[in-house]
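Peer 1: What follows is the residue order along each chain.
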Amino acid sequence: MSPTPSKKSSAAAAAATQARSSATGFGGGGGGAGMRLIVPLQGVVQGRGGLVLGTLIPCALFYFLQLYLRRNRSPPPTSPQPPAANGADLLGIVRSSSRNFLSARGSSGHAALSSRAALIARSGDSPYFVGTKKCSEDPYHPIDNPDGVIQLGLAENRLSLDLIGDWLARNVKDTLLDEWQGGLSITGLATYQPFDGLVELKMAVAEFMGQVMRGSVSFDPSQIIMTAGATPAIEILSFCLADAGNAFLVPSPYYPGYDRNIRWRAGLELIPVPCRSTDKFGLSIPALERAYNQAKMRGVKVRAVLFSNPSNPVGNLLHRETLRDLLDFVTEKGIHVIADEVFAGSIHGTEEFVSMAEVLNTDEFDRSRVHIVYGLSKDLSIPGFRIGLIYSFNEHVIAAASKLARFSSVSVPTQHLLISMLTDTKFVIRYIKTNRERLRVMYALLVNGLKQLGVESVKSSGGFYCWTDMSKYMKSYSEKGELELWKEMLNVAKIHLTPGTACHCIEPGWFRLCFTTLTEKDVPVVLERIKRLVDNH
Amino acid sequence: MRVIVPLQAVVQGRGGLVLGSLIPCALFYFFQLYIRRDRPSSSASNLPDLAAMPRSLSRGLLSPRGASGPARLSSRGASVARDDDNPDYVGLKRCAEDPYHHSSNPHGLMQLGLAENWLSLDMIRDWLVSNVKEPLLLDEEGELSIHGLATYQPYDGLMDLKMAVAEFMGQVMQGSVSFHPSQIVLTAGATPAVETLSFCLADPGNAFLVPSPYYPGWDRDIKWRTGIELITVPCRSTDNFSISIAALELAYNQAKKRGVKVCAVLVSNPSNPVGNLIDRETLYDLLDFVMEKNIHLISDEVFAGSTYGNDRFVSVAEVLDSENFDRRRVHIIYGLSKDLCVPGFRVGVIYSYNENVLAAASKLARFSSISTPTQCLLISILSNTKFITEYLKVNKERLRDMHALFVDGLKQLGIKCARSGGGFYCWADMSKFIQSYNEKGELKLWDKLLNEAKINMTPGSSCHCIEPGWFRCCFTTLTKQDIPIVMERIHRITESN
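The listed protein sequences correspond, in order, to chains A and B. Counting in the UniProt record's numbering, the final residue of the first sequence is number 537, and the numbers go up one at a time with none missing. Counting in the UniProt record's numbering, the final residue of the second sequence is number 497, and the numbers go up one at a time with none missing.
Same shape as in the complex, but just chain A (with noise of 0.2 Å):
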């Protein structure tokens, strides 16, 4: 006997449990919480009817293993292959002789990808993919293509374009020159600089975070990992947190962009816990609960709790209240929790947000299982310049994401454009402030005009969307029936929103509207659009 016993043992256990099923069936009243134990010779024994239960069934599970680990054993070295196995792939390929008397070169079959790779290039056929490519091919101009698809689908702020590029416009020269002159300062610019971002941008960014945050909490550098923008920095923390079939809890409807994100590469499982409407889509604890313990059942190890606030597409903020519960529920379940952060400074509403680290700083919870997502692609309105960053109270959690950031590090000259913009605090004071007023005016004018034509919209304090519902409009209500009124929208509309299915909303009809990339100028047309659409129904 040659098999190995590690080998033998698992075959063999496995057989064994199949016999545990089959034995229950058989013997009947076996199961339970008692298993009757069936003694090999039973029959001859007792005289019970265990003859089959005890002697046929072992002796052809054992037959039964042997040709399995037959099967199994790699042939000896001058047989021919087994021609079973992958006899496919032989086919195309004659293997020993193609060298001498047939040339191999481009006569086998294909080149297989990886099936995480197959799965991602397929992926090009979502909403979001259909829709944007539409936009890109037949932008809405006021002028030069009135009849062109508008964009809100984006995620995207360019009502304070402008403040940046006047910035830009009087100090790249001065700051990037600066940098170039001086002998040493070339070896700074184009060498080898830590791949986790610059000491010097991480206490501009640290600084600037607490600005953010009205400077109810001040943000140390030392826990700050930069990436090359949020998108990796929630991959690199999903790296970090859970292993390849584990999951995260995340509140539902969400951003769009986790499944990629977080399911792509990490190869983890997000498990939508609904918020409903009648909650205006808050954040319930049982719901939590709930989902927690389905996956367990299930065998699925729930590794964190991850949520964005403001939350994106909603744009509704938790309560300092809610913030306490989740806390409370992730140290009670032992996982950790990310809060994505990154519209904390697009707040246009009245409430006043809290982040998660001033939750922190006022009651003692264990901070080792918090940490924040952010970047300045929203807050800033940079998002070419891929800046995004963990805020990480867990260091080994920082040392491990600061080693995966070679993975994702931030270009140099961009770190240090940003480091002068960030400390030019007379700058980002002003833009800071301008910018919600513009989000503000914005909101209102986009939110009033919906009104007006019906359409209701959950109230929202912060980021670039108006969360609208539309399900009055569907033919049915479903995912069908919003899916159809999304097409209609695109193709007859000519405007592209993001269905809610896309958030993995539970209840049909609510769109996405991006605002921040329209102009007071846009929004009558847009508005036309929809009624267009809305008077049809």
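Just so you know, these hints were derived from the structure itself, not from any lab. Check the hints yourself; a few may be wrong.
[To be verified] Cross-link-like lysine to any residue pairs, in silico, SDA-like; alpha carbons within 25 Å at most: (1) B/K261 - A/T191; (2) A/K134 - B/S182; (3) B/K261 - A/E200; (4) B/K411 - B/R398; (5) B/K261 - A/K296; (6) A/K133 - B/Y152; (7) B/K223 - A/A244; (8) A/K134 - B/K223; (9) B/K93 - A/E200; (10) B/K261 - A/A118; (11) A/K296 - B/S182; (12) B/K454 - A/T191; (13) B/K454 - A/Y192.
Start from chain A and add chain B according to the hints.
Peer 2: Quick look at chain B alone, frame taken from chain A:
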């Protein structure tokens, strides 16, 4: 292996009663016992946990805040966090703490473990200073360009930069091959380019064959997150560390026997650390090999423009052009960090002939895209053809001089280097100075070089070299004045051995 049929004795009359019945029956009996024993014990092992953390009651009568166990990392996260004590990190850290400077810190550590080229930084600086006259990032159109600069752009790079990079790659290869911008995916450095490609080509548990010695960073780039195994295929000093197809074949078959699926062969050309170039014939053989096995070929050509020897560099793209191979299995890694010496800019390239790989990689570029201001800066540097031509020429000359100087210096100390034609390194044989001919002896010498001679080199074992006593010395961070000092320091060690 004879199959033992149950109740063989009854059927065939041969003495199989014991073998055919008693053994399986006994095994079955023990399995039942085993399962039975495991069931109660599993619930018992959970009990202590439950006692420490009262679940449902906790929120009512006991504050759970700060009460439960520590927040754990994932196993992959923890292993990354732990990976701290290999020579690479130790050496880097020590050099950062106490860097050599000829006047201010003459007894500091000299860093020969980096992979950077400082020889031609002055040219890049001069270009920047003299060309950034206008606010470079905003062109005449003013407002339009801030849109292009600050807003979301394609994650896989601006088309203009792809075109400029394709052009630059062609220049680097001295016009022997032309590159197509649509086959390019740009990433934030060659490191994420390798990782993204690995994600696309293999699943966790699959393997790449990698001729060794190889670039130590691959262990981090490929193993950390993608979960792919790297199978080293040892090259020998007797062949000047060139790739042997027979060794690849052997490693492939061994992996197959273990049940590990090999998805690709990964080579660097010019090789890091050895610095030798792969000749045209070997490239043909490699392509034949991957075709025959139906796997991919990844050629890391980040040093393509940093050649200094007499051998001409041959890109795998050139070989593909000249013959009728299946191109879809060939992928090239490139970057500007080495050949344009701007590693701080973080620009890497995946150049693939496989449209599915390109589709997947361009989507994955969302995790590692290049900042737009940097892209704009690079477009203007790279489209200045005159500057680039001059730069490449001068850079090669400087590399050649420095390499010759360094190799001669080592030769005078009795240290031989492998024959090389490109890259920033000398691959030096110091095996006669190690006390025991094994990895331990090598690391001891490395330690001595670091602490006594105050020189940080990369030991061969970090590069998975099978023969102990080889060291990688980067000569491009030195000035000519530094070389005598390096030699003097090495001499002190070799003398005492």
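Peer 1: For B/K454 and A/T191, compute the direct alpha-carbon distance and say whether it is at most 25 Å.
Peer 2: Satisfied, since the Cα-Cα distance of roughly 22 Å is no more than 25 Å.
Peer 1: Please work out if B/K93 and A/E200 have their alpha carbons no farther apart than 25 Å.
Peer 2: With Cα atoms ~19 Å apart, B/K93 and A/E200 stay inside 25 Å; holds.
Peer 1: Given the hinted pair B/K261 and A/A118, is their Cα-Cα distance within 25 Å?
Peer 2: It holds: about 17 Å lies between the C-alpha atoms, which stays within 25 Å.
Peer 1: Tell me if the straight-line CA distance from A/K133 to B/Y152 falls inside 25 Å.
Peer 2: Satisfied, since the Cα-Cα distance of roughly 14 Å is no more than 25 Å.
Peer 1: So if I understand the rule, the pair passes when the alpha-carbon distance is 25 Å or less; does B/K261 with A/E200 pass?
Peer 2: 46 Å, violated
Peer 1: Please work out if A/K134 and B/K223 have their alpha carbons no farther apart than 25 Å.
Peer 2: Roughly 39 Å separates the two Cα atoms, so the pair is violated.
Peer 1: CA of B/K411 to CA of B/R398, is that 25 Å or under?
Peer 2: 20 Å, holds
Peer 1: For the pair we were handed, B/K454 and A/Y192, check the Cα-Cα distance against 25 Å.
Peer 2: Holds: B/K454 and A/Y192 sit about 21 Å apart, inside 25 Å.
Peer 1: Going straight from one Cα to the other, do B/K261 and A/K296 come out at no more than 25 Å?
Peer 2: Violated, at about 33 Å.
Peer 1: Is the Cα-Cα distance between A/K134 and B/S182 25 Å or less?
Peer 2: Holds, because 21 Å separates the two Cα atoms, which is no more than 25 Å.
Peer 1: A/K296 and B/S182: Cα distance at most 25 Å?
Peer 2: 46 Å, violated
Peer 1: Please verify whether B/K223 and A/A244 have alpha carbons no more than 25 Å apart.
Peer 2: 14 Å, holds
Of the numbered hints stated above, those contradicted by the structure are hints 1, 3, 5, 8, 11, listed in ascending order.
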